[in-house]
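S.K.: Protein chains in written order, with our numbering: chain F, 386 to 665; chain V, 144 to 428; chain P, 2 to 202.
One or more hints might be untrue.
Heads up, simulated DMTMM-like pairs for lysine to aspartate or glutamate below, C-alpha to C-alpha not over 20 angstroms straight-line [said to hold, decoys possible]: (1) F:Lys581 <-> P:Glu41; (2) P:Lys44 <-> P:Asp179; (3) F:Lys581 <-> P:Glu12; (4) V:Lys333 <-> V:Glu364; (5) V:Lys333 <-> V:Glu348; (6) P:Lys19 <-> V:Asp239; (7) V:Lys210 <-> P:Glu12; (8) V:Lys334 <-> V:Asp363; (9) F:Lys619 <-> V:Glu348; (10) P:Lys19 <-> V:Glu225; (11) V:Lys150 <-> P:Asp179; (12) F:Lys582 <-> P:Glu12; (13) F:Lys582 <-> P:Glu9; (14) V:Lys150 <-> V:Glu162; (15) F:Lys488 <-> F:Glu661; (16) V:Lys220 <-> P:Glu41; (17) P:Lys44 <-> F:Glu499; (18) F:Lys619 <-> V:Glu337; (19) V:Lys220 <-> P:Glu12; (20) F:Lys619 <-> V:Asp321; (21) V:Lys210 <-> P:Glu9; (22) P:Lys44 <-> F:Asp576; (23) V:Lys276 <-> V:Glu337.
Bear in mind the hints are in silico, worked out from the structure with no lab data behind them.
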Amino acid sequence: MGISLSLLKRTAVEVETFVQRLDGRVKFLYFIWASILVYIFYDFILNLIFIIVTLLLAIYARVAKPIAMTLLVIIVPWIAIATPILSLPLGFPWNKTIIYYIKFAGYEIPVYLEGLGWGITWPLRIGVCISTAMLFYLTTNQARLVATMFKMKVPFRFIYMLIATFQLIPLLVDEANTIFQAQLSRGLRTDVGIIKKLYYYLALVIPLTLSALNRVQIRAIALESRGFSAPVTKTLMYEAEFKWMDWIFLSTIIVATIVLAYVYITYGYSPIAGLEYIWG
Amino acid sequence: MGEAVVKVENLTYSYPRRENVLVNVSFEVKKGEVLGIIGPNGAGKSTLCKALNGLVPHFYGGRIGGKVVVAGMDTMKHTVAELSTKVGLVFQDPEDQMSGLALTVYEEVAFGLMMLGFPREEIDARVRDAIKKVGLGGLEGRSPFELSGGQMQRLAIATVLAIKPEILVLDEPTAQLDPIGKFEVFSVIKKLAEEGSTIVVVEHEIEELATFADNILLLDEGRVRAYGSAREVLEKVDQLRKYGVDPPSVTELTYILNKEVGTDFEIPITIEEAYKIYAEALGVS
Amino acid sequence: MPEEATVETVEVTPTGAKILAVVMIPTIAALNYVGGVLVEMLKAPIWGDTWATMLGTLISGFVVGAAGGFLYNIIMAFTVWGLPNWVWGFANVAIALITWFMMKMGWTDLKKPMTYIMAIILFGFIYPIFTTAISIGLFGGGPLWKPLPAAIYAAVLSSTGNFWLANYIQNVSTEVPDKVISYIISLIIASRVPKRFILAK
Chain F
386 MGISLSLLKR TAVEVETFVQ RLDGRVKFLY FIWASILVYI FYDFILNLIF
436 IIVTLLLAIY ARVAKPIAMT LLVIIVPWIA IATPILSLPL GFPWNKTIIY
486 YIKFAGYEIP VYLEGLGWGI TWPLRIGVCI STAMLFYLTT NQARLVATMF
536 KMKVPFRFIY MLIATFQLIP LLVDEANTIF QAQLSRGLRT DVGIIKKLYY
586 YLALVIPLTL SALNRVQIRA IALESRGFSA PVTKTLMYEA EFKWMDWIFL
636 STIIVATIVL AYVYITYGYS PIAGLEYIWG
Chain V
144 MGEAVVKVEN LTYSYPRREN VLVNVSFEVK KGEVLGIIGP NGAGKSTLCK
194 ALNGLVPHFY GGRIGGKVVV AGMDTMKHTV AELSTKVGLV FQDPEDQMSG
244 LALTVYEEVA FGLMMLGFPR EEIDARVRDA IKKVGLGGLE GRSPFELSGG
294 QMQRLAIATV LAIKPEILVL DEPTAQLDPI GKFEVFSVIK KLAEEGSTIV
344 VVEHEIEELA TFADNILLLD EGRVRAYGSA REVLEKVDQL RKYGVDPPSV
394 TELTYILNKE VGTDFEIPIT IEEAYKIYAE ALGVS
Chain P
2 MPEEATVETV EVTPTGAKIL AVVMIPTIAA LNYVGGVLVE MLKAPIWGDT
52 WATMLGTLIS GFVVGAAGGF LYNIIMAFTV WGLPNWVWGF ANVAIALITW
102 FMMKMGWTDL KKPMTYIMAI ILFGFIYPIF TTAISIGLFG GGPLWKPLPA
152 AIYAAVLSST GNFWLANYIQ NVSTEVPDKV ISYIISLIIA SRVPKRFILA
202 K
């Protein structure tokens, strides 16, 4: 949770590179596009290429660190756990091609290609989805995010709910911290048994929830009093507009789509890794 | 004083779950006038404030009778959104009034205007003006949540000033603030009052209220117990006490002196007045 | 005081519910998030990020609970979990639905054993069917990246050779404690929420 909170609290000083200046819709398209493609193909090398391209963009935009950290925390351990369980003879039902034998305590343990491919490809698919989503999120500031959704005809009510959650989370976390400290000084400890821990958990979440609910009504009437429900088109202080850079990026995506479509038709779903699709 | 901006006639209201929160309430506020509303907790003061911009009854539902006309608009016939351009409402806790959409002071002030669909240039001009009025110049780029309580409440006032409402309604704007915060907010309110804004303010700090309110309305159990000029209402010490409201200390002191010692001082309602009266009585200038 | 003249009154239908939902939904989403943060602080053995969805359903009805849970997942998907995880939003909708059903059936009394039995059946065993479908379809159905469920997964897989069963048991092993405890937490909190906040009928 530590990383996620720091992601939610944006830094005040923002760098402005071409990645930040790209229209939010283009970056949004990029991550949807990449996410769909890695599900169409079944090729971990292709997945890796997507991740590398995304990381290069992220390095240029100076947001690579949180993305790399997230990949390290989620994807790397996942591969580390999944590949041995799936590729060793532990019952993964589609295992048939033995690619290697591990000699262990006088036994020869086979390693299967199907399980290994599966255990690497799937986490990397998610890795592509994570890194492209984060690239979009980290390089699109709130004003641009709102403008992007506004242009995509998302109802203002929904835009508000999304942004308000981003603002509420740090406020509630601060409050949770205060309550936590107060309960610590009243004898709460973290080195206790499970039941006691759950009891303490309740002692934290009950006051937190009640105070949050208390605020809901007043927030609602404050919004209403400020014309939130006025049946007019809202004015945004920042407008999303396509610039030449956006058209170039968009064209690149289109060209890449055509190339990949050709690759798919000619070489199939696993053009580089040459894996065989299993189930479904 | 000009025409009445607010006209409340026999306002009677029950929430869906609470009966007779307001009963037969009548008063009016003229242009440029400051009306103070006082009374014990649960008297219906907040409900009365919400009746002025249509939150009561539209938001809550319930049963309503009588008539509320604000800036020529019957609140029964207009939505809260329509009324929000005429009535600016400021609540107790400044944090709860923040839009949740703005990252900076500037954006927060702009929020209401954005919601109402004002053109961008107009928003910019009004926002700068409102921020200056409440003395937050230089803090435009700060996060609202980094401000002190007093600054945040002044920001809340700026957010409604930007809409240029015909009347400002402040519901206990200093209740949650520390002494410095209270001082900052009162300074802004006094300045606005001097500049001729029409204001309705619910306030527990009677001593402060006495210095800028033209009229005062004493509310208790949803009923108007006293209504008149600030002096008429505040000098009736027994009546205030009966309804659990602390009169200004100088007023109470003089009242007790007159009653118990038999002096015959004019009853002051502010420290300045008291100073004058006592200085005269003691023969010092 | 003179005798009060009676004023004619009219009934007004409230319009506030819509805007209340607009604020309640982000609050539920944020509470889900903070619930998870507090679990980290206490190192408690649950995920802790669904009781707010259940609470939202108990006090404001199915739509608010489901939307709050969904929104939480969308935000997590955009920030840390990665895009495909937004489908877990549907898992939150399923949780809101089960909670709503339990509420309709009156299985909300913590003093009655029926509440626990149904919570274990619905949240512990029925709900994982749904999550298993998602985790296989979108995430490949490999082991989780937490050691204990992964060990359970490996054990079931090697003893039965059944890929789907391994996934299902892995999910049951995490959902039974987490969702049942979360449901109990949400019921305890709901019982302390003042009546005026309760919008659900």
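S.K.: A separate judgement is required for each hint: does it hold in the structure or not?
M.R.: Hints, one by one, checked against the model:
1. The suggested pairing of Lys581 (chain F) with Glu41 (chain P) holds, with an alpha-carbon distance near 15 angstroms, which does not exceed 20 angstroms.
2. A C-alpha spacing of about 14 angstroms is found between Lys44 (chain P) and Asp179 (chain P), which places the hinted pair at or below 20 angstroms, so the restraint holds.
3. With a C-alpha separation of about 50 angstroms, the suggested pairing of Lys581 (chain F) with Glu12 (chain P) is violated against the 20 angstroms cut-off.
4. With a CA separation close to 29 angstroms, the supplied pair Lys333 (chain V) and Glu364 (chain V) exceeds the 20 angstroms bound.
5. Annotation: proposed proximity of Lys333 (chain V) to Glu348 (chain V) holds, straight-line Cα distance about 14 angstroms (limit 20 angstroms).
6. Of the supplied pair hints, the one linking Lys19 (chain P) and Asp239 (chain V) holds, its CA atoms being roughly 18 angstroms apart against a limit of 20 angstroms.
7. Of the supplied pair hints, the one linking Lys210 (chain V) and Glu12 (chain P) holds, its CA atoms being roughly 14 angstroms apart against a limit of 20 angstroms.
8. A hinted pair counts as satisfied when its Cα atoms are at most 20 angstroms apart, and Lys334 (chain V) with Asp363 (chain V) does not qualify at roughly 29 angstroms.
9. Straight-line distance between C-alpha atoms of Lys619 (chain F) and Glu348 (chain V) comes to about 38 angstroms, which puts the hinted pair past the 20 angstroms bound.
10. The hinted pair formed by Lys19 (chain P) and Glu225 (chain V) meets the criterion: a straight-line CA distance of about 17 angstroms does not exceed 20 angstroms.
11. Between the alpha carbons of Lys150 (chain V) and Asp179 (chain P) the distance comes to roughly 57 angstroms, so the proposed pair goes past 20 angstroms and is violated.
12. Note on Lys582 (chain F) and Glu12 (chain P): the hinted pairing is violated, with a Cα-Cα distance of about 49 angstroms set against a maximum of 20 angstroms.
13. In summary, the hint linking Lys582 (chain F) to Glu9 (chain P) is not supported, as the alpha carbons are separated by about 57 angstroms, beyond the 20 angstroms threshold.
14. As the CA atoms of Lys150 (chain V) and Glu162 (chain V) are separated by approximately 23 angstroms, the hinted pair breaks the 20 angstroms bound.
15. At roughly 26 angstroms between alpha-carbon atoms, Lys488 (chain F) and Glu661 (chain F) are farther apart than 20 angstroms, so this suggested pair is violated.
16. Simply put, Lys220 (chain V) and Glu41 (chain P) have alpha-carbon atoms about 52 angstroms apart, too far for the 20 angstroms limit, and the pair is violated.
17. Between Lys44 (chain P) and Glu499 (chain F) the alpha-carbon distance is near 37 angstroms, which puts this suggested pair outside the 20 angstroms criterion.
18. With a C-alpha separation of about 34 angstroms, the suggested pairing of Lys619 (chain F) with Glu337 (chain V) is violated against the 20 angstroms cut-off.
19. Of the supplied pair hints, the one linking Lys220 (chain V) and Glu12 (chain P) holds, its CA atoms being roughly 14 angstroms apart against a limit of 20 angstroms.
20. For the given pair, Lys619 (chain F) sits about 36 angstroms from Asp321 (chain V) by alpha-carbon distance, which is inconsistent with the 20 angstroms threshold.
21. Between Lys210 (chain V) and Glu9 (chain P) the CA atoms are separated by roughly 11 angstroms; this keeps the pair inside 20 angstroms, and the hint holds.
22. Of the supplied pair hints, the one linking Lys44 (chain P) and Asp576 (chain F) holds, its CA atoms being roughly 9 angstroms apart against a limit of 20 angstroms.
23. Between Lys276 (chain V) and Glu337 (chain V), the direct Cα distance comes to roughly 13 angstroms. Compliance with the 20 angstroms bound is thereby established for this hinted pair.
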